[in-house]
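Turn these sequences into a full structure, and let the hints guide you.
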Amino acid sequence: MGLSVDTSDARLIAWLAPRRRGILLAMLVLLHLTLLEGVGSVMDRVLMVIHIGLFFLWQPFVRTEQRLTAWHLVMVLAMVAATVFMQGTALMMLWTMLLAGIIGGKVFVLGSRWNRLFHLAALAYLIVALLMFLLPDLLPTSAVISLPLDRLARFGLPVIFVLMLALPSERDVQDRPEMIDFAYSVFVFLLLAVLVLGSVAAMLLTGLDYVASLLAVLLAMGAVLLFLGWSWNPRGSFSGLGLFISRYLLSASLPFELWVESLASYPAGEAEPNEFLDWACGQLLEEVVWINGITWAAAVGGATVGRREGHLVRFHQSGVDFVIYTGHPLTPAIIWQFNILLQLLNEFYLARLRESKLRELGYLQAIYETGSRLTHDVKNILQSLNALCAAVESEGAVASPEFQGLIRRQLPAIAQRLRQTLEKLGRPLGDLGALTQAEAWWRELQDAYAGRDIGFLSDGDLSGKSLPVTLFAAAAENLLQNALEKRQLQTDIPIGVTLMATADGLTLLVCDGGTPVPPELAERLGSEPVKSANGLGIGVFQVGRLAAKAGYRLELHSNLPGQVCFRLAPAGAAKA
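Heads up: the sequence shown runs through residues 1 to 576, numbered per the working numbering.
If you are wondering where the hints come from, they were derived from the structure by calculation, not from laboratory data. Keep in mind the model is a prediction, meaning the values are calculated, not measured. Some hints here could point you the wrong way.
[Stated by the list, open to error] In the DSSO-like style, the derived pairs of lysine-lysine whose C-alpha atoms are separated by at most 30 angstroms in a straight line are:
(1) K357 - K549
(2) K379 - K549
(3) K549 - K465
[Stated by the list, open to error] The following label-pair restraints were derived from C-beta to C-beta distances:
(4) R151 - L91: 20 to 30 angstroms
(5) E347 - L521: 40 to 50 angstroms
(6) P494 - V300: 52 to 62 angstroms
Every residue gets a Cβ at the ideal spot worked out from N, C-alpha and C, and that includes glycine.
Rendered as structure tokens:
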């Protein structure tokens, strides 16, 4: 049984939804028949009860599919009882004005043209019926009415129904609730009240007949509305009442512009985010004297500025929760304004929070870069020590001349590398160190890698040439170490180093005869850390960054089978 009832309700709702215009037209026709029948008669009451029923089917306040509560039923019964037992001209005038206000509130929010014209026609009917049918009945018998308004209304108003019926129908959007602008509804109701009372007052004060008084009041109201419309948004230099009211809504009793300037003028990086919140709340407390105190609570930390007494209002933002204490309750407009100010403060707080996180990331990056640029040096030192330990284990009780020569060569080299590593540790990131003579550095490089089957070749005159020793040493050590590790995987591949003096400057070329670098790594090599089985990763990336700071460029010059070459050259040098 319940399922059948629900199904019938759904069918009724689906049937009523596209017929709202027809229901409104039927309401107006019944209202017109009621006025023709005469207010207070039995048939008038019957027609008004049907009219009220159609109104509940059409009304825009409660959706059609919503179940009525007990309060809704009480309202329905009260309206029906008033219609039956309290029917009169004054009540009909009040009902007509209320209905005109509701329709007037819908006219301004309707998007489609024909629906708007339909409701404008309905509004016009109600206004004319009010002024030509109902209001003359309340006038004293001595009032002079120069025109047969009752007869004109009886036979002229149905023309509006014909026009409404002839207007093309447009499908309303049924999946959203009915919209009504209550401000416009109140405005239309008050305009009609002024029109009715003004017409009666003009008759009593001036002695004019009803029609003349009505026309005079209409002209006066039209002039006032025209002036208000012009002053709201004038074309001249005057900004208009609309701008003044907008400014009031945005900053009434609150220094909005000063608040924005204060937040923007706070020095960047001067304090932690929580200290900034304390300062900002103190500023707001100074600017708005009727605030007793402000409490804020963030993810980490919280504080109270001022006194925690009086009426409190809570504001929840994405990063901070605020509680404002005032001496008197806040109006909804002031609460809305405070919400804007605190939302702006919250955005500044989140920006400073992100700034603090970036500083922490900067510290971590500095630690990472310090460790990464020393990793290769420490690895080379450990490998040299490992080679010496292996030589000591293989040596007999009496040291051979070859072993003694190895010790004499390697220990000074290891000590020198340790000194260089410690110097790098104490040197700021990006410091390229002093320039050194190219010939001296070239000889030291050959001595350091003597006996490792590496070919060294100089091209051009190196005398008088200088180079940034930190950059070239790091590039040579990283590239040669990678090539030597590659030789362990690919036996007997040749390794060669070339230092060339060109017109653009000094160029270092390190080549090996192994397999090429995979294409997916070759594109990223030197520009970002990459994973590799033979060590082509963080070391080359650090050398690439160091080269960019020094005005050089590290590139994979050749990536062919048997000819894999890395080149360190000035940034302006030709790539060929």
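Item to check | Structure-inconsistent hints, enumerated in ascending order | outcome: none
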